[in-house]
Each structure stands twice: as C-alpha cells, then as structure tokens.
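Since the structure of chain A is provided, determine the placement of chain B on it from the hints.
Single-letter residue listing:
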Amino acid sequence: MDEILNALLRALAFGTPLLLASLGAVINERAGVVNLGVEGMMALGALAGFAVAYGDGSPGSGSIWLGILAAMAAGGLAALLHAFVTITLRANQFVSGLSLTLLGLGVAGLLGKKYEGFPLIGQPNQWPFTIGAIVLALLLAFWLTSTRAGLTLRSVGENPAAADVLGLNVNLIRYGAVAFGGAMAGLAGAYLSLVYRPSWTDGMTAGLGWIAVALVIFVGWSPLRAIFGSIFFGLLYYLQFRLQGKTFIPTEFFSAMPYLLVIIVLALAGLRGQQGAAPEALGRPYTRGER
Amino acid sequence: MNKIQKLLTLALALTVASAATQAGAQDAKLKACFIYVGPTGDIGWSYAHDQGRKAAEKALPWLETQYVESVQEGQALPVIDRLAKNGCKVIFTTSFGYMDDTLAAAKKYPGIIFAHNAGFKRNPNMATYMADFYQVYYLNGLAAGALTKSGKVGFVGTFPIPELKRHLSAFALGVKAANPKANVNVKWINSWFDPAKTREASEALLSEGADVLTSAEDSATGVQTAGAKNIPTFSHYNPMLKFSPDNVVSGHVVHWDKIYIDFLTKVHNGTYTNKNLANVDYWWLLSKGAVEMGADNGLPFNAKFVPQLKAAKMMVGGKSVSVYDRIMALDTEMEKGGKFDPFTGPIKDRNGVVRVAAGKTMSIADLNSMSWVAPGVVGQVADEPKK
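Protein chains in written order, with the numbering used here: chain A, 1 to 291; chain B, 1 to 387.
In isolation and in its complexed conformation, chain A is listed as follows (with noise of 0.2 Å):
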C-alpha cells in the first residue's frame, strides 16, 4: 500500500511540470500556433525564477513568489519573441520553435553562471504547484469547452478565416495565447529550479520540454486528459528505477521507455484518426484573405 502511494507521489512530483508546460502548450495550439521553444522557455524559467529566489544569497534577499512571477515573465516575453516572427512575420512555426529552444537554451546558460554551485536556501513546498497545475487544467477544460471566451480561442485555432469575419482579431488572440504558453513553461522550469531540484544547472531541463510537447499530442489537445498523461509519464519515469534489477529486462530498456512510448501512442493514434482531433489550422500562419 505504502509503495502504491510511493509511486503515486512521485508521479505527481514529476509529473507537475509535465502538467504545466503542456496546459500552455495546450492553450496556444489550440489557438492555432505551435511552439517547439517549451525547453528553451523552461531553461529561461527556471533561471529567472531562480534568480529572483536566490537573491544575494543572503537569507531573506530573495522571493519565491516574485521568483515564480519573474519565471512566468520570462517564459512570456520568449514566447512573444516567437509570436512576433511567426503570427506578424508569417515565419515557419516549427523553425522558430526550435531557435526558440536553442536561444533559450543558451541565453539560460550564459546568464546563468554565477548563479552555478548554490543551493536555494528555504525551498518551496511541491503542493500549492502541483493542486494549481491540477486546478487550472480542470479550468482550463471548462473554459474552453464551456464559455465564449473558449469557444472563440478554439475558433481562431480552428478556422481563422471565418473568426476574421465575425470580427474576432485573429492576431491579437494568437499572441496572448502563444504569451500564456510561454508563461505556463516558465512557470514548469520555476518548478524545477525552486521546488524539484532546489539550484540551477546548465541544461537542468535535460529534455523535459520536449516530453510536455509531446504530451500535448499524446492527450489530444485536452486540459483534462493533460492531468492523466502528466500523471502517467510521471509514473513510467518512476517505475522505470523502481522496477530496475526486479526483472530480468535491461536498465538501457527502462531508460528508454518513455519514448519508445511516446512513439507507440502517437502511431496508435495516428492509426486511429486522432491527428483529427488537432485543431485545423495548426502550424499555418493566418493571412487574411488567403485560404
């Protein structure tokens, strides 16, 4: 019993920035734009909110809470970078994302040096992160699927011609949803650096972004599925150490189980149709008057 309850904790410590990270990512697909800059607007999270945090190092100089605003500001104004080339300069989606990602990577890197070989004195509790995250992902599901609000983000992300015509401003919907999910990545990478690991490292992310991308594909753009598949990554990511030298299957096996599972489910729902569930009109720019 206890080690069902073991695994389940540990699923939702790891689990949480999953969660967050992929309700922004949810958000602004579901508004139409992809954006493959989650690690890069993570690595920058997780150093800005450390920063703030930290402080001179001196107890009492820092804030968490300002730490935390701080992380969600810098994934934020990153994402703007990326909504600018791609919605106002009509730029690839994919290619920006990715830069996103390497300049993030990098910028996090450089800054962040002096901040390398200090632990955060007074870290956080997980909790208040983790009910958010499971909170705003149940909101997140009623806004979108239940209000007008909702109904026109998912319109913009669906048929971005016609919400043109019913006077909706396409652009201006898209960049403060490419902003929230950039702030929902800088808020996961704040976890990482203040609550699940306490310091900031270069390449601390180590490819979490990448899994909350994938998430969003593997929960079919859903608030409320997001909340299971963040659990359930959390849970394979755990057992794979827990299981390891109980069976007779290689440890490299293990390590590789989450993307080899990554892949099984995208081919299973690509089998099944579910790409259908995409929103229409994601990854394409909007220019008004062409179809």
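Hints listed in this document are in silico derivations from the structure and should not be mistaken for laboratory results. Source: prediction; values computed, not measured. The reader is advised that the hints may include incorrect statements.
[Claimed, not checked] Output of the computed footprint for chain A on chain B, the stretches with three or more beta carbons under 8 Å from beta carbons of chain A:
(1) 36-44
(2) 191-200
(3) 211-223
(4) 377-384
Using N, Cα and C, we set each Cβ at its ideal position, and we do this for glycine too.
Just chain B now, with coordinates in the frame of chain A:
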C-alpha cells in the same frame, strides 16, 4: 567621400595593428584547449575540469586556455578541427567517449599534443590521464557501512562501465568491511548528467529502504534528495557540503589542476613532445594529491557525524577498532603511498568467482577493464561475467 575613405583606412589599419599585437602576444604563450562533455556549471565532472583549467592558468603565466563545453561524445572531431585552426598546441579531451575521436585527431594533427582523460588508447602525441577515486570510494564505503541502520546503502550509478564498476565495488567492499550485514543497492540512470533521473532513481532507492545514499551523477541532486529526507549522503566530485550541511558525511573531491599543471609544465620545458607520449599515462590517486576524501576542500568529515563514526566498531586483523580511526589511518597511509589497497586479494566477485588472488593487488590495466562487481552489490549490472 575622401574623409570617409581616410577614416575607413585608419580604422582598418588600427584593426590590423591590434590583431598583429594580439597575435604577437599569443605566440609567446602556450595555448591549451579543453573539451568538456557537460556544461561547466554541472557541479560535477566538467565543472571540476574547468576549475582545474582555471587554476592552471592562474599558476602558469605562460599559459593561455580555451574551452568548449557540452560536446557530445562522438562529436569531438569537428570541435578538435576548430581548436586546431584556433592555434591550440595542447588539447585535453575530458570524457571516455572521446577516445576514438581523440586518437583519430592525434593522427590527423601530428604536431599537436593530445591528452585524453579516462581512456586507454595512446599515440606518440597522445597521452592519457586520470585522477581516480577508487581508494576514496572505499573509505566512504566504510563510513556508509557504519551509518546504515537498515543495512541498505543506495548508489545511483551512471553507466555500467569499468570505471563505475570499480568505484561501486570499492564502495561495496568498504561497506562490507565496516558492516558485514549491509549491502549496496544500485540503480543505473544511463546518463552522465540528468538531474531528474537522479532524483527519481534516488527516490526509488529510498522507497526500497536505503537509509544512506550516494550518487555518481554530475550534479548535486543526489545530495539534495538525501537532504530532503534527512539521511546521510556523500559529495560526488566537488565540495557539496553547502547543498545539505546536515547530511553530507564526506565524499570525494578532485584536483585536476595537479595533473594539468604537471603535464603542461613538462610540455613547456620540453620534457613532453609530440613524439614521446605513447607511454605517458597519469594514474594519480590520493598519494599525488589529485583526489581528496572529504565533504569540502580540506574537511575530511562533517563534524556532525564524527561521534557516530567513532562509536561504530569494526574488526581489523582480529582487533576491534573504531571505523573513524580506521578511515583516517587508511587515508593517511594511502596519501603517503603506503601499501594498502582496497583491491588486495583474496577477492571474489558477487557470483563467487575469485577475481583477485590472495596477496595480489589489481593492476591499472585490470582496474581499467573491470567487468565484475564485488559481493554486496545488489541490482542489475550489465556485461557482468558469469564465470
């Protein structure tokens, strides 16, 4: 127009002149370049090498350095090409996985001196070097054995390669010597640097009952995880006491600068050239000061744990001695280059096969190709010989 032309010419002349003086200054210096597998801020392996680089640059006024970080294993060759173009005279490649690339580069650039870290292939212009911890792992193992109450000591391993098997085994031999009933549970993360995997592997070990934890991953995550659960733990590679002041017992600290300064000085004074390195293999241990036992520089033990370690007793040659005294005595002996070695036979592997005969100690070659693990190791170990 004329004015602008003049200005441009002047600017150009200034640039050329300053470049020429810079080049002139550079010629006088020996340029040594470093390739790191991780970020310099990993608080582990690459961080320690970079500390060594900085210390060498400080100590040697004629030295100039450059480094490239986060270079993936197997992708060192293009980086070496670039460094060669930049005028590097000595290139240090600091990961086992760079071995074949470094050898290929050594053949491609016979005029450059290479030194590969942690490998075994050499060339007339390519030496190998290593500061190894197996002695310190044994001493830490003694402390871990004395501190565990559950009899389960957790070990987060990176890759099951000879280096890790050597360290894990030395650690397990120490644990068993201090506490014959205790074992070392190992979990592999198959990565040199992955804080999230280290966190979850540590949590899995703790949930299986480990009450002492050590990690070989290049970050302070293992120490922080143990700290959050308030159990004893050991620094890996760098001083990590500040990451968990109440829980870090001891650990190991590397001093790569000792090797870098020695090697570069010998290159500078002409002892080492691009023709005579085929047999140059540094294998520096406690006796050369390349490694140190401790939770922090110059601090062998966290004072908080000393009473417990003094109270713990173990049998040495039929006599009961305190674990603390035993550790300190062996540390001093090995620092002096005395004859004690953790891998002195008779040693059987965990399947009961005799691996080191009575009275023999393992050679460097044996230690570098070790595939078996010592009794007391619990968990899956890849490429372990059955017979």
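To see whether the hints hold, each was checked on the structure:
Counting residues of the stretch 36-44 of chain B whose C-beta sits closer than 8 Å to any C-beta of chain A gives 6, which meets the bar of three, so the coverage hint holds. Interface restraint, the stretch 191-200 of chain B with chain A: holds (8 residues with C-beta to C-beta distance below 8 Å; minimum three). Evaluation of the coverage hint for the stretch 211-223 of chain B: fulfilled, as 3 residues show C-beta separations to chain A shorter than 8 Å, against a requirement of three. Interface restraint, the stretch 377-384 of chain B with chain A: holds (4 residues with C-beta to C-beta distance below 8 Å; minimum three).
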